[in-house]
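*Asks:* Given next are the chains, with one letter for each unit.
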Amino acid sequence: MLETRKNNLLKIINNFLFLKNVKSKSMLFFLLLIFSFSSHSQDLDVNKGKSLFNANCAACHKLNKNLIGPALAGVSEKYEKEWLYTWIKNSSAMIKSGDERAVAIWEEYNKAAMNAFPQLSNEDIDNILAYTDYKPEPVVAATALSSGTVQLEPQSSLSQDLVLVALIIILLVLTTMLYLVNKTLRDIATRNGIVVEEKQIKPSTPIWKLFIRNQFLVFCSVVFFLLSSAYFAYGWLMQVGIDQGYMPIQPIHYSHKIHSGANQIDCQYCHSSARVSKHSGIPSLNVCMNCHENIAEYNGEEDLEKGYTKEFYTSEIKKLYKAVGWDEEKRIYTGDVEPVKWVRIHNLPDFVYFNHSQHVNVAGIECQTCHGPVEEMEIAYQHSSLTMGWCINCHRESNIKVKDNDYYTKIHEELSKKYGVEKLTIAQMGGLECGKCHY
Amino acid sequence: MNKSLKKYWKSEVELTNNSQVEKLRHDEFVEKLPVDNLFEDEKSLNDSSTNRRDFLKYLGFSTSAAVLASCEGPVNKSVPYVIQPERIRPGISNYYATSMFNGYDCANILVKTREGRPIKIENNKLAKFHGSANARVHASILSMYDSGRIQGPMYDGNNISWEELDQDIIKKLESLRFNNSPVALLTSTISSPTSIKIINSFIKKYPNITHVEYDSISESSVLDAHEIMYGVRALPLYEFKNAKYIVSIGADFLGDWMGSNYDGDYAKGRVPIKVDGTATMSKHIQLESNMSVTGANADVRIPLKPSTQKLFLAHLYKKISNSDINLPELDKKTNERLIEISKDLTLNGNSSVLVCGIDDVNAQLLTNAINDLINSSVKSSSKVSLIRKGNDKKVNELIAKLNNGEFSGIIMSGVNPAYTLPNPKSFNDALRKLDFSVIFSMKMDETTSLCKYVSASSHYLESWGDFQFVNGEYSICQPTIKNLFDTKQFEECLLSWSGNENSFYDEIKSNWSNNILLSNTKWNKAIHDGVYSSNDSYNLKSSNNSFSYSALELSKIKSSNFELLLYSKIGMGDGQQANNPWLQEFPDPISRVSWDNYLTISKKDAESIGLKNYNESNGALNSNYALVKNADIELKLPVIIQPGQANGTVGVSFGYGRMMGIKSEMKTGSNAFSLYDKFSKIQDVEIKAIHEIHEFACVQLHNTLMGRGDIVKETSLEVFNTKDKEYWNPVPVVSKNHIETAVNKKEVNIYQEFDRSIGHHFNLSIDLNACTGCGACVIACHAENNVPVVGKREVRKSRDMHWLRIDRYYSSDVSFQDDNQNKDDINGLSDSLSVFGQMEDPNENPQVVFQPVMCQHCNQAPCETVCPVAATSHGRQGQNHMAYNRCVGTRYCANNCPYKVRRFNWFLYNNNDEFDFNMNDDLGKMVLNPDVVVRSRGVMEKCSFCIQSTQAVILKAKNEGREVNKNEFNDACACSAACSTGAMSFGDINNKESEVYKRKKDDRVYHLLEYVGTKPNVFYHAKVRNNDKLKNI
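In the order they appear, the protein sequences are chains X and G.
Heads up: the first sequence begins at 1 in our numbering, then just goes up one per residue.
Heads up: the second sequence begins at 1 in our numbering, then just goes up one per residue.
Hints should not be assumed to be uniformly reliable.
[Claimed, not checked] Below, a list of computed lysine-lysine pairs in the DSS-like style, where the Cα atoms sit at most 27 Å apart:
1. X/K410 to G/K319
2. G/K77 to G/K128
3. G/K746 to X/K418
4. G/K77 to X/K318
5. G/K525 to G/K556
6. X/K436 to G/K956
Just so you know, these hints were derived from the structure itself, not from any lab.
With these hints in hand, go ahead and build the complete structure from the sequences.
*Replies:* Laid out in structure tokens, this is it:
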């Protein structure tokens, strides 16, 4: 028995060790990879080529995919270097001159001439070509390894199951043993004539009867019970209709964290109505396409734990393309649209009037003040309670932004004199009046 | 334990082994509980005796279920545009200048759209003529969102496609042309220059087509007279702003006379402004039979039978032209008036004018002749109105031919002859027989249902178009929303039937660029403005002929016992919009009756025939019916006893009694077109009483002021000019320590005054001199504030929801001033009883006054102090706020309001089949203003001074970082923005530049019920009548 337990324990420990081992091994490989990469780049200056590529070419080209221009991986194998030099430095001249291959490309890509890059030296172009030709071999190994770790996962969960089963078996064995020992001891006792005394339980008054007899205690506990239930009932009732933290699943997994956080896009680039209108406005899909015409796949950070892989994000971009009717291959709008039905997160009741422009443009409040750390939200949720108390509180505490607004100049001067304060709060301006928001 | 042998028994019967006892012992209750069949039918429910417990069970269950269900909010979806149009931003209104003409109403307007849907009509101030919308034009926006519209083209009652319809019709048109079979084209008046071109080229292609224009309410006599005298078939145009002396014989020019829209100009001359201590204003004398809005506004109103009016006109011509005509004599009193009027007409010379509404060519000839004789500058010599073109002769000819089967086909647009013809039976039969009958229509109305081909036509808010209401004054009509249904415009179809591939828009644009716009005006500018003025003008010269013959002819007409004058009500017009609940519920300015038309009759005649008006125990108005007989046509109508109605005359309004293509609630009243014999508004009729009861929905049950001159202050121009303000507009006094103290003094105020000198402080000024009672503000308020329609049954219970009402009062003596005198002269209890009793009855020819009343936004509001939940409270800007979500519906506020302006939602008026109006209809709801909440059942509501718009104006200024401009607030309130006469002016009295501040300084200012001490933010201007001299005649 003990033997098996030991075995099991060993197994568990081994498992842990093994996992750790894998991790450290992969780390090792990773380090190696970086090292090899950097050592490799010193010869061909792939890094320099990469930065040149990103600065000059990436708007229209990708390595492995046709964008506005063709995919560039392995381009130096298709065309000789000299030809490429002339093409890159002035493609339109080449087309005019009637170079067969140049004209062929021009015609293939919708007769859109490539920009001329006379500023690039031959060396620069070499570096770029080095980058485009570069086949990172260790990456293959790394992917193999990472797929290895993925394979390990079910194994470890299997072993956990095994441990559980083993533990149950042990428990069962122990119980049986205990029963058997007890039985054997009793047998021995009866055989030896020893009377095992059964413990006599004296009938005493049950505790609830005692409780009932103490009228004062009953009274106190009833009062306590009533008060506490009233407290909880009130608390429960007061949260009815408040959806703080409401985080619905949206038809497209749009990450504010990526757009607003990582890419630092201004809130009002998309929610442009917030400056002028009562609604902040959910951007129409053509606003998305301002960027996403050229951003077809996700290349940023991943969160593997939650399953937010690059593939996942890229598939969400595809959903956008489907909705807006964008044909990625032909790079045209098909007109076959499917408007996106977003789930509205911030719902004010009908009897409240709220105007974004008053708060965003006139008062200059940051979006985050009410909407919370949107730039950190992978999935958007309701940050504030949106109750009237919450509104009123802010109106009591905040001052009016008088600066550069002629509307307030006179009225602020007169009112602040009247109230004897230097800065007026919104409440003092009449921001607590019922009719200002309810009509 | 030992088993006990003791036996307990309840009665001795138990000892006898009775089976009954045995049975009873096993049942808990003596009778079976009636639980199972409780809800099976009503009878068992009523009969069951023990349903209380079950009721409580169900109640408890359903309450808790409802509570649980309500804890989770609904999931709201937001669907943004795929490609957002540049000009549309959610939450921001766009305005488009457009114009409308439906054959009866016309106006140059601005359309407010939100998220691409039109929600309100506003006046286009750039327009020189017809720049203001009347009540019907304001309401026309709801007619677009009518779910009863025809949604696509049809043939023989079946839906077909436009291609099929076009192909079919072109084929038939070609074959008819081949056979040279005549086809009629019957349309309403076409005042569009481009449409006229299109129709002409259509007729050129199919020469077998005859085009006839048909006005449902004809102005043919005016057109004929104008053509005879000036050679131009058009309506004369009057510019009342030049008028000092206005004589109107039966012309309701503040109502619907000749397309009207004269009220703005008229009001300009009606406001007395003191210059060097003396004020002048125009003088207006009205001779008429029915009490019209115009008559109510007149300084002197003389009730006359139409036949006497004609004679009067003939005499007037005789006097002014100094001709020697042998005319029958007028009675003495009328003759005195005639002398006075003819004297004043000549005296005032070119600033006087005579207008005449008598449906007779001779009368119109004389009117024109008199205006030319006095050289009136009010009647335009260069401009004419082009909004009526119908020719009775041609229409009659066409109908006769059609009835005889001489036409092989008919195309109709904008007309509904099966409803508007006096005797449509033969027309209907002829129409039914036709193989080729096409109609352009929005509704499955009386005529449409008889036609083979139905071309579903677009509403004007979905259409392109251009108009020329006045010569040289052009308007553009542009779509403000995409077609809601599969509809097409009349012109689009004509273009495609005549083989023209251009769109109507292309045609308009090329016509404007080539023929209308001068080279320096851009098409885009014309579209932006909606109107364009060219230099086109006529030189209308009088022919200097003698019209003695006409005067003679006019005097020949015999008078009869009862003369009927058919008229159109401000609410319903010619009945095109009978399916519009806003207009149905709109109370008539004079009778204050909604949801009905009726026979108006004078009190004397009513008594002699035995007709009665009386109030039921709940206050609602009832009446008898009268049978109106005209030749062989009989019409049964309820009766309104109308003060001011000339004896021997009766009146009935057009526009009611529509029976097809409208909801059952809207099938109100009777069709007066059946009495419109020979297209003459004046008919000889016989009246008989029918002793059946009709139930009216009348919103004002008390008609006189009972001598309470402080509610409507009125004075004469003479007094106004000569006496101090204290004499004719005294501030009421109250007793403070037995000393009479003015109510606006500080020491009689029990409240601590709030300092309102900082920031905005809103006031609304209402000038009773300028208010004509037209009611455009009532409908504008309806549209702006999502005011519900409650239906006839509820209005009868005084549950109408209008935030703004226009009270109409009659004087019980000859004038209101006499009423005040009579009240002051009362001596003793018995005298007071008899005098007050008499004062309840209006005079035979009373003075009439209109008073718009809405929430007065009292600075010391009685409603605010009694609200137990503080749902109504005062704002710093002077508005009395109403928080609907806080209101619990105690109605204390309404009880404590001295002005009775608060409205209670007795029911849920939206999404409720019991109130099947626009708010119970997905399409009808599109007209709702998204900035104003739709109120629920059980809450109080009232005028808010359009706080949503004042806030929007303030926010606009804040966003642009500037102060609010001086008159920017005036257009914030729907009522003051809609007011074409300038009677209402809204604004900030803390802005010393604003119009309302200047108006508050006026001597005529008073507050309603000032002695109550409510200190309202609405103030009125006392009415001044220019009636001193004529009072004695």
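*Asks:* Kindly indicate which numbered hints from before are broken by the structure, ordering the numbers from low to high.
*Replies:* 1, 2 and 5
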